[in-house]
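A.B. asks: So the protein lines, in turn, are chains Y and V.
The first sequence begins at 56 in our numbering and counts up one residue at a time.
The second sequence begins at 2 in our numbering and counts up one residue at a time.
Careful: at least some of the hints might be erroneous.
As the list claims (entries may be wrong) - Covered stretches of chain V (chain Y as the covering partner; in silico rule of three or more C-beta atoms under 8 Å from a C-beta of chain Y):
1) 19-28
2) 63-72
To be verified - Pairs of lysine to any residue, SDA-like flavour, derived with a Cα cap of 20 Å:
3) Lys-148(Y) to Leu-231(V)
4) Lys-207(V) to Arg-167(V)
5) Lys-148(Y) to Leu-228(V)
6) Lys-207(V) to Thr-192(V)
7) Lys-148(Y) to Leu-121(Y)
8) Lys-207(V) to Asp-149(V)
9) Lys-148(Y) to Glu-26(V)
10) Lys-148(Y) to Thr-257(V)
11) Lys-148(Y) to Thr-192(V)
12) Lys-148(Y) to Lys-207(V)
13) Lys-148(Y) to Gln-59(V)
14) Lys-207(V) to Leu-228(V)
15) Lys-148(Y) to Ala-60(V)
16) Lys-148(Y) to Arg-69(V)
17) Lys-148(Y) to Asp-233(V)
Calculated directly from the structure, the hints in this document are not laboratory data.
For every residue, glycine included, the Cβ atom is placed at its ideal position computed from N, Cα and C.
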Amino acid sequence: MGAVTSPARRPDDAAGDADVMRRIRAGDRTAVDDLYARFRRPAFALARRILADDALAEDVLQEVFLSVWRDPAAFDRARGSVASWLLAVVHHKAVDSVRREESQRRRQAQAEDEMALDAPTATRDVEDDAWSRVVAEQVRTAMGVLSAPQREALTLAYYGGYTQREVAALTGTPLGTVKTRMLTGMRRLKQELGGPGGAGALGDVWPAEGRQ
Amino acid sequence: MSADHQQYDELAVGWALHALEPADEAEFARHLPGCARCAGIVAETTEVMGAMAADLPQAEPSEALGARLREAVAATEQVHRPTAPREVAAPPAVPAVVPAPRRARALPLALAAAAVAAVLGLGIWNIGLRSEQAELSSTVAEQQDVVDALLSPDRVELDPLGADGRPVATVVPRDGDIEVVTHGLSVNDATSTTYVVWGVGDDGAKPLGTFDVEQSQTELRTVGSGLTGLDDYPQYAISLEPGREAPSDPTEVVATGQVTS
């Protein structure tokens, strides 16, 4: 896929990411340091958002980067950019962790935050560079195009780590409607971020309608 | 097929978001391996999710984490998985990515599957994990499906053409589609060639669907959709074709098998 996306990263980072993965595959332990240097900030930002706990978020990061070292071939079996893959693994493990660890009470409190903040902004712990502001702005604009229920469903699932049934319960919506909202919301986001002809922030691997 | 496929489109997005309920997750884990459309949606959703991560306050983990990670890496060996050779002679490995605490649950089924493969003379047994996200549920579901297919009373085993030896594929015609288990077909170049499954009857051969072999390990995929009249074919064949579309007649048949039941 001709993807250019990398969360808050410059397009030319993709080749460097691929090179770091090749070194990890070749057994170069120092390459893990490089991968960590490249991704620790977005990875930590995502994990702590989902977990609302810095210590648990760090545990998730350690688990993720160590798993990449142990089995770098896992990346070959996925499709897409190193950045998206790695952040998807962080998301997956953070969601597993939140489901394991977090008390219902905290979950409930977080859900309320989640709904209050459908387009998260907040103060930045670290000064972002111009490029990450551009990407963040693009994403925020794209999120703004969604209907409020689509945005809510995707926000709860992605940033909150809730299952579709939990989202249905939290929003008082039938499960089938939640599933449809997530699909249509994602399609819309893809369109907004991908731009016509896939020329935007995303590459073009979304199957065209009606194609096999 | 868009209308029929809507349900899977929805599951694909939920899968990428890791937001499916267990029953949906198990169902999608069975569906995904045979469906290029769903693989595309999962990949694309993953890219969008990566962009969504950009819209978060950037934050630094503690310095101690970097040191802790380096120590852990220094103390950890890599998993060595042979890169899929074209001909697999070596005995299989149990999928190595399954996290250790869960392996105890995965093993009995893997062993059962290996036993089935041995009984059927397939010689090899190893189902590769397709992605990090696939993990255990997908592996178990795939193994279960492969075992089910290999033991189906409707199965047709296809022998390689012009050579003796054991079957290289098993097809199971179902209502509307065909399950294909490959256990010895060569990996094809998915950019310029495709395998085609043919139903062979009195009127000649009819293309039923296309698929690619991505690894020399055992793989299960579902081919074709809305197929009818599958009961009428006395014979099935697999050909390897140039291009990505099924031609009207097979070019190079690589395996055939008679319906026995």
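A.B. asks: Verify the proposed pairing of Lys-148(Y) with Gln-59(V), using a straight-line Cα cut of 20 Å.
C.D. replies: 19 Å, holds
A.B. asks: Holds or violated: Lys-148(Y) and Asp-233(V), Cα atoms, limit 20 Å.
C.D. replies: At roughly 49 Å apart (the allowed maximum being 20 Å), Asp-233(V) and Lys-148(Y) break the hint.
A.B. asks: Under the criterion that the straight-line Cα-Cα distance not exceed 20 Å, is the pair Lys-207(V), Asp-149(V) satisfied?
C.D. replies: Outside the cut-off at roughly 26 Å; violated.
A.B. asks: For Lys-148(Y) and Leu-121(Y), compute the direct alpha-carbon distance and say whether it is at most 20 Å.
C.D. replies: Holds. Lys-148(Y) to Leu-121(Y) sits at ~12 Å (cutoff 20 Å).
A.B. asks: Are the Cα positions of Lys-148(Y) and Thr-257(V) separated by 20 Å at most?
C.D. replies: 45 Å, violated
A.B. asks: Against the 20 Å threshold, does the CA-CA distance of Lys-148(Y) and Glu-26(V) hold or violate the hint?
C.D. replies: 16 Å, holds
A.B. asks: Is the straight-line distance between the alpha-carbon of Lys-148(Y) and that of Arg-69(V) 20 Å or less?
C.D. replies: Distance of about 18 Å is within 20 Å: holds.
A.B. asks: With a Cβ-Cβ cutoff of 8 Å, does the segment 63-72 of chain V contain at least three residues near chain Y?
C.D. replies: holds (count 6)
A.B. asks: Just to be careful, I want the Cα atoms of Lys-148(Y) and Thr-192(V) compared with a cutoff of 20 Å; is the pair within it?
C.D. replies: 33 Å, violated
A.B. asks: Verify the proposed pairing of Lys-148(Y) with Lys-207(V), using a straight-line Cα cut of 20 Å.
C.D. replies: It is violated: about 46 Å lies between the C-alpha atoms, which goes past 20 Å.
A.B. asks: Between Lys-148(Y) and Leu-228(V), is the straight-line Cα distance small enough, at 20 Å or below?
C.D. replies: 40 Å, violated
A.B. asks: Can the segment 19-28 of chain V be counted as covered by chain Y under the rule of three residues or more with Cβ-Cβ separation shorter than 8 Å?
C.D. replies: The restraint on the segment 19-28 of chain V holds, since 5 of its residues have a Cβ under 8 Å from chain Y and three suffice.
Hint violations for this structure: numbers 3, 4, 5, 6, 8, 10, 11, 12 and 17, all remaining hints satisfied.
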